[in-house]
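2 protein chains.
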Amino acid sequence: MLKSERSVYELWLEYTRLTLCDIGNTTFDFYKNGAKEKIFVADYELKKSDEKVFYICVNEKIANDLKNFSNWIDLKYFVDMKNYYETMGIDRIMGCEAVQNGVIIDAGSAITVDVVKNGVFQGGYIALGLYTSHEAYLQISPRLDYSYNFEIDLDKMPKNSQDALTYGQLGLLYRDVMSHSLPVYLTGGDASKLKAIFKDAVVDEELLFKGMKNIMKKVDLC
Amino acid sequence: MLKSERSVYELWLEYTRLTLCDIGNTTFDFYKNGAKEKIFVADYELKKSDEKVFYICVNEKIANDLKNFSNWIDLKYFVDMKNYYETMGIDRIMGCEAVQNGVIIDAGSAITVDVVKNGVFQGGYIALGLYTSHEAYLQISPRLDYSYNFEIDLDKMPKNSQDALTYGQLGLLYRDVMSHSLPVYLTGGDASKLKAIFKDAVVDEELLFKGMKNIMKKVDLC
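Quick mapping for you: the protein sequence lines, in order, are chains A and B.
Under the working numbering, think of the first position of the first sequence as 199, with each following residue one higher.
Under the working numbering, think of the first position of the second sequence as 199, with each following residue one higher.
Keep in mind the hints are simulated off the structure, nothing from the lab.
Check each hint, because a few of them may be wrong.
Heads up, the list lumps identical chains together, so a pair's fine if it works in one copy or across two of them.
The calculated lysine-lysine pairs, modelled on DSS-like cross-linking and capped at a C-alpha distance of 25 Å, are [unchecked claim]:
{"hint": "1", "residue 1": "Lys274", "residue 2": "Lys357"}
{"hint": "2", "residue 1": "Lys397", "residue 2": "Lys315"}
{"hint": "3", "residue 1": "Lys280", "residue 2": "Lys354"}
Here the structure is a predicted model, which is why all the values come from computation and not from measurement.
This is chain A alone, in the form it adopts within the complex (with noise of 0.2 Å):
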């Protein structure tokens, strides 16, 4: 997209007030006029209104639930399914969506990591996220209790073992993302933290919003 045709389109989403969404497990991330709001699920009541939200939504119950509000749209059913497969997730759909050309790595309590070229997916997989691996760690043993090391430098083989813990779950990940000689596009939760490992990504905390907009421009739904 080019910037100018962006600004165009971003003033166009705030005339027309569209609100994105996507839902996770834990919580609703709202997008609207530029501006980001999190709600958790528990704390969320969904109630009858006329305000479009356009969601994706990873989470079973909600998404159940959400058939019951007219106003509520759900972008999957608007996703050319051609490229990617049945069982991928829409938020991973999503990203992929937001990129001509790179690995987009959602890092969240899983870490996503999905390869496009040319605007088209190749494939991905899926690592432990940072928090779930530290804890799979200590369920082997106490003496793996170690925080990861993110100053850790990846091109030497670890002698000590914080780098050993820590090359075994992002130096592995960092191995293979660069092996694709793509950009790099980190979003979720621990894409900050990840930023110390992938020092020249880019951070995009709207990454999958950007995807859910460009699916809708693509159908006409804005």
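Given the structure of chain A, go ahead and fit chain B onto it with the hints provided.
Positioned in the frame of chain A, the structure of chain B alone reads:
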């Protein structure tokens, strides 16, 4: 070690009836006269005896108990530590002592990976074991309840959920290990499973005992 040397050495071991033992968190793994025996920690009673047992131990409680038994000889005191680091597991060190050039993968509750060149430890790391990482995926979401696909084609980026999880653990490991262009040695409880991924690897269930024997030879303990 030349084959002829080894058989003389094996004969010597048999003659002297030396017993080796690798003590983990859950089992005593004995090696005597070329035969192995595994006894669960809970089922084994330490008794006074004249029989010498040369051991390594990662179980702190048992290591303490063994101080009262003079016939149990802890091999960690005979390791030249200048190439290793203080908190490195003694089991990893024994794997390294068994090999002149190679990547040693010990696959249990953790998967340790150590690189040795010309008999010198180059560094290594600790990834999560097969069971541990599968359980960690389940902690994230029941939708990630996939068994690993050991027939995965790791030259392609995954386009289905089972392969996405397999690649996120085993694919990243594989790509890093192969980048060293060294022979790969597999040991530990999941060695035979990983052989499906590391097709050219040598599976050696006695690797740690070989390292123990090499240490004993170096310091004239046998």
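Structure-based check of each hint:
When the C-alpha separation of Lys274 and Lys357 is checked against a cutoff of 25 Å, the pair qualifies only between copies, where the shortest distance is 18 Å, while the shortest distance within a copy is 47 Å. Proximity of Lys397 and Lys315 under a CA criterion of 25 Å is satisfied intra-copy only: 21 Å inside one chain copy versus 30 Å between copies. For the identical chains of this complex, Lys280 and Lys354 are inter-copy neighbours only, at 18 Å across copies versus 41 Å inside a copy, given an alpha-carbon limit of 25 Å.
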